[in-house]
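Heads up: the protein sequence lines correspond to chains A and B, in order.
For the first sequence, our numbering gives the first residue as 593, with consecutive numbering after it.
For the second sequence, our numbering gives the first residue as 61, with consecutive numbering after it.
The set of hints was computed from the structure by calculation and includes no laboratory data.
Given the structure is predicted, the values throughout are model-derived calculations rather than measurements.
Using N, Cα and C, we set each Cβ at its ideal position, and we do this for glycine too.
Fair warning: there could be bad hints in the mix.
[What the hints assert, rightly or not] In silico negatives: residues of chain B with every beta carbon more than 12 angstroms from chain A:
| hint | residue |
| --- | --- |
| 1 | Leu80 |
| 2 | Leu83 |
| 3 | Asp91 |
| 4 | Gly119 |
| 5 | Asp154 |
| 6 | Asn156 |
| 7 | Arg160 |
| 8 | Arg172 |
| 9 | Val223 |
| 10 | Asn329 |
| 11 | Ala370 |
[What the hints assert, rightly or not] Straight-line distance between alpha carbons at most 30 angstroms, and here's what the computed BS3-like set of lysine-lysine pairs gives:
| hint | chain 1 | residue 1 | chain 2 | residue 2 |
| --- | --- | --- | --- | --- |
| 12 | A | Lys854 | A | Lys763 |
| 13 | A | Lys899 | A | Lys854 |
| 14 | B | Lys318 | B | Lys385 |
| 15 | A | Lys848 | A | Lys597 |
| 16 | A | Lys854 | A | Lys597 |
| 17 | B | Lys331 | B | Lys385 |
| 18 | A | Lys819 | B | Lys145 |
| 19 | B | Lys331 | A | Lys763 |
| 20 | A | Lys899 | B | Lys145 |
[As the list claims (entries may be wrong)] Distance ranges between label pairs, derived from CB positions:
| hint | chain 1 | residue 1 | chain 2 | residue 2 | range |
| --- | --- | --- | --- | --- | --- |
| 21 | A | Arg726 | B | Ala88 | 46 to 52 angstroms |
| 22 | B | Ala98 | A | Asp842 | 56 to 62 angstroms |
| 23 | A | Pro822 | B | Gln306 | 28 to 34 angstroms |
| 24 | A | Gly772 | B | Glu337 | 45 to 51 angstroms |
| 25 | A | Ala771 | B | Asp368 | 51 to 57 angstroms |
| 26 | B | Gly315 | A | Glu745 | 48 to 54 angstroms |
| 27 | A | Leu634 | B | Ala88 | 52 to 58 angstroms |
| 28 | B | Ile163 | A | Arg695 | 50 to 56 angstroms |
| 29 | B | Leu87 | A | Glu883 | 31 to 37 angstroms |
| 30 | A | Asp620 | B | Gln306 | 44 to 50 angstroms |
| 31 | B | Leu87 | A | Arg750 | 41 to 47 angstroms |
| 32 | B | Asp368 | A | His864 | 44 to 50 angstroms |
| 33 | B | Ala88 | A | Glu904 | 22 to 28 angstroms |
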Amino acid sequence: MSREKLRRLGLDLPLLPTTSVGSFPKPDELQQARTRWARGLLSRDELERLERRATEFWIRTQEELGIDVLVDGEQYRGDMVTYFAENMRGFEIGGLVRSYGNRYYRKPIIVSEVRWERPITVSWWRFAQSLTTRPVKGMLTGPYTVMDWCFNEYYPDRRATCLALAREIRKEVEALIEAGARIIQIDEPALSVRPQELPLAREALQIVTDGLPAYFISHACYGAFEKIYPHMLALPVDNFDLEMSNSNLDLLEHFKRVPFTKDLSFGVVDVHSHVIEDVETVVARIRQGLEVVPAEALWIDPDCGLKTRTVEEAIAKLRVIVEAVSRVRAALA
Amino acid sequence: MNLIVTNAGSYPRIGDTPELQILRQTLARFDRQEATEADIRRAEDEMVRRAIAEQIEAGLDLVTDGQIRWYDPISHIAGRLKGTKINGLLRYFDTNFYFRQPILVDRLARERPILVEEYRYACSVSARPVKPVLTGPYTLAVFSLVECAEYRDLERRVEAYAVALAEEIADLAAAGAELIQVDEPAIVLDDADWDLFAAGVRALARAKGTARLALYISFGDVSPFYERLQALPVDVLGLDFTYSPQLVERIAIEGSAKALGLGLIDGRNTKLEPEAEVAAALERMLPAIRSEVVYVNPSTGLELLPRDRAFRKLQHLVRIATRFKR
């Protein structure tokens with residue numbers, strides 16, 4: 593059914609489309625430039641020039657590797673929630689909060705009504721899409737995750753916060769579609785943390801996507817899916833992009849008991865490991881995926897964003913994916 | 061009734077100015093082999109001093125060391141016991157904070173005190189009494205992986221951690237701690253394990269000597285087992301009110317035979333609660349609490365807030381509590 597939707601949108605993708613979850617590592621040059629910019633030693637224009645150069649590098653790299661559905665690599669983002677908080681009204685960027693060990697991030701604070709004022713990701717999407725004829729995904733963070741990852745001083749409760757965000761994030765989706773994006777990914781990594789709030793996440797995503805002409809993907813990670821499966825299938829998206837490989841494909845057992853009824857972007861390489869998987873390992877994983885999801889409905893990608901790997905590791909992991917997919921396609925043909 | 065304003069555990073170890081980032085920088089330098097363990101220790105000492113100074117400046121009567129030296133609430137304790145090794149990261153309840161999961165690989169044993177040195181240091185730099193905080197046996201057991209046949213049953217794991225922690229409690233009491241806080245948040249996940257959890261608490265209570273024991277529970281609704289908590293042999297019950305909308309009324313009606321640690325102020329959100337609401341809750345509950353002292357504290361440790369906001373939360377708490385003192 594989703595194949596039909598893709599065709600209606602003018603997208604003719606091969607069997608087992610290959611894609612990426614979103615982020616790629618920033619080249620050293622850009623990493624250093626960001627530090628210099630943060631210290632006031634580099635202009636915003638110069639930083640943006642380097643962000644464009646890095647985006648171009650990743651588009652070329654994905655094309656050369658033979659990836660089917662591309663991403664811009666998020667070279668211009670720090671954090672997936674803070675980026676949107678910085679570009680919408682109603683947020684203040686708070687002080688540092690520890691996430692683990694010696695790692696800290698700036699957690700945004702919602703201090704007034706949240707408002708989308710102008711397109712946030714559209715110019716980056718346009719730029720990336722102008723460099724290639726292959727489809728580039730529009731990439732957003734979903735309302736439930738933005739709500740869960742911000743402090744809230746304005747709205748009365750989590751529900752009100754989440755729904756207000758949904759109404760504003762919808763405007764970004766509309767702007768992406770107007771610019772020409774046909775595949776839009778709405779990341780909801782916080783989805784499985786409070787299973788009792790799944791109906792809220794669903795209601796919010798409904799607000800974001802309702803009636804809009806695009807193929808919607810939602811990426812979720814950090815495990816605990818056993819708690820929200822199969823209820824998560826009620827979310828109004830066409831494709832779930834799930835981290836499968838760092839949990840030994842345990843989720844497939846759940847899909848054997850209750851069929852997975854959407855398209856699945858199946859994570860076949862672990863993004864937290866330096867080790868580059870063998871092609872044989874990845875082929876075997878894809879075959880296991882095919883046991884529970886029909887080939888027509890299966891997409892292949894890494895578990896999560898590759899930004900924590902080195903540039904070389906990220907490319908090597910993508911290369912293994914493309915190679916494994918081409919072997920499986922040949923066998924299916 | 062004597063009202064004591066305290067901290068529920070952690071305090072931020074970083075701030076926005078360079079002098080508040082020395083611990084982060086020293087740890088990063090250590091990773092590049094440009095700093096020694098002694099350098100880390102000095103940076104930790106400095107941040108403990110600052111955490112205590114800020115708690116006192118905010119007006120707390122009873123402080124903690126801010127758990128500045130803790131990698132996380134689980135591995136700081138479990139990782140210092142013999143018989144464990146430390147595994148990958150796992151989300152800590154419904155927060156965005158991650159802890160390192162311990163694996164039980166061999167018989168658990170406490171070879172030396174875990175927190176006593178840290179407690180002594182905190183006392184030496186504090187003008188106010190210090191409350192040591194440790195994570196309880198049930199929570200450590202629930203979050204441990206097992207690679208050792210002996211501990212396959214949760215019950216055996218709880219017992220083994222309880223033996224080790226009872227020794228720690230005895231040593232902390234001997235070092236002069238008058239009130240020792242034990243955090244057992246994991247019981248909110250599944251109170252079907254109540255008997256195991258309670259056995260762990262009883263084992264610690266037997267070791268406390270002249271010290272008083274405070275059992276703190278956060279990250280979930282304590283209402284389903286409020287009555288059973290009252291029956292445990294501890295001196296203070298610390299309760300997180302942010303998950304329990306009915307709890308204020310319940311305590312107002314049923315009362316409390318034990319001293320309570322009232323976590324009315326949300327330690328996880330920057331918003332300052334309306335003073336009138338918090339004061340109204342205190343007015344409802346205080347007459348029903350039949351103990352000589354009552355503690356008021358944030359609902360959780362404050363490390364989940366930015367430093368300036370953590371400080372403001374404590375000031376806010378002190379401001380409200382002061383109206384009820386004496």
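For each hint, the structure was consulted:
{"no.": "1", "hint": "Leu80", "result": "violated, 9 angstroms"}
{"no.": "2", "hint": "Leu83", "result": "violated, 8 angstroms"}
{"no.": "3", "hint": "Asp91", "result": "violated, 8 angstroms"}
{"no.": "4", "hint": "Gly119", "result": "holds, 21 angstroms"}
{"no.": "5", "hint": "Asp154", "result": "violated, 5 angstroms"}
{"no.": "6", "hint": "Asn156", "result": "violated, 6 angstroms"}
{"no.": "7", "hint": "Arg160", "result": "violated, 8 angstroms"}
{"no.": "8", "hint": "Arg172", "result": "holds, 24 angstroms"}
{"no.": "9", "hint": "Val223", "result": "holds, 29 angstroms"}
{"no.": "10", "hint": "Asn329", "result": "violated, 5 angstroms"}
{"no.": "11", "hint": "Ala370", "result": "violated, 9 angstroms"}
{"no.": "12", "hint": "A:Lys854 x A:Lys763", "result": "holds, 25 angstroms"}
{"no.": "13", "hint": "A:Lys899 x A:Lys854", "result": "holds, 27 angstroms"}
{"no.": "14", "hint": "B:Lys318 x B:Lys385", "result": "holds, 19 angstroms"}
{"no.": "15", "hint": "A:Lys848 x A:Lys597", "result": "holds, 25 angstroms"}
{"no.": "16", "hint": "A:Lys854 x A:Lys597", "result": "holds, 12 angstroms"}
{"no.": "17", "hint": "B:Lys331 x B:Lys385", "result": "holds, 24 angstroms"}
{"no.": "18", "hint": "A:Lys819 x B:Lys145", "result": "holds, 28 angstroms"}
{"no.": "19", "hint": "B:Lys331 x A:Lys763", "result": "holds, 28 angstroms"}
{"no.": "20", "hint": "A:Lys899 x B:Lys145", "result": "holds, 28 angstroms"}
{"no.": "21", "hint": "A:Arg726 x B:Ala88: 46 to 52 angstroms", "result": "violated, 40 angstroms"}
{"no.": "22", "hint": "B:Ala98 x A:Asp842: 56 to 62 angstroms", "result": "violated, 44 angstroms"}
{"no.": "23", "hint": "A:Pro822 x B:Gln306: 28 to 34 angstroms", "result": "holds, 32 angstroms"}
{"no.": "24", "hint": "A:Gly772 x B:Glu337: 45 to 51 angstroms", "result": "holds, 50 angstroms"}
{"no.": "25", "hint": "A:Ala771 x B:Asp368: 51 to 57 angstroms", "result": "violated, 40 angstroms"}
{"no.": "26", "hint": "B:Gly315 x A:Glu745: 48 to 54 angstroms", "result": "violated, 34 angstroms"}
{"no.": "27", "hint": "A:Leu634 x B:Ala88: 52 to 58 angstroms", "result": "violated, 22 angstroms"}
{"no.": "28", "hint": "B:Ile163 x A:Arg695: 50 to 56 angstroms", "result": "violated, 22 angstroms"}
{"no.": "29", "hint": "B:Leu87 x A:Glu883: 31 to 37 angstroms", "result": "violated, 45 angstroms"}
{"no.": "30", "hint": "A:Asp620 x B:Gln306: 44 to 50 angstroms", "result": "violated, 55 angstroms"}
{"no.": "31", "hint": "B:Leu87 x A:Arg750: 41 to 47 angstroms", "result": "violated, 34 angstroms"}
{"no.": "32", "hint": "B:Asp368 x A:His864: 44 to 50 angstroms", "result": "violated, 33 angstroms"}
{"no.": "33", "hint": "B:Ala88 x A:Glu904: 22 to 28 angstroms", "result": "holds, 23 angstroms"}
Hints 1, 2, 3, 5, 6, 7, 10, 11, 21, 22, 25, 26, 27, 28, 29, 30, 31 and 32 from the list above are not met by this structure, while the remaining hints are.
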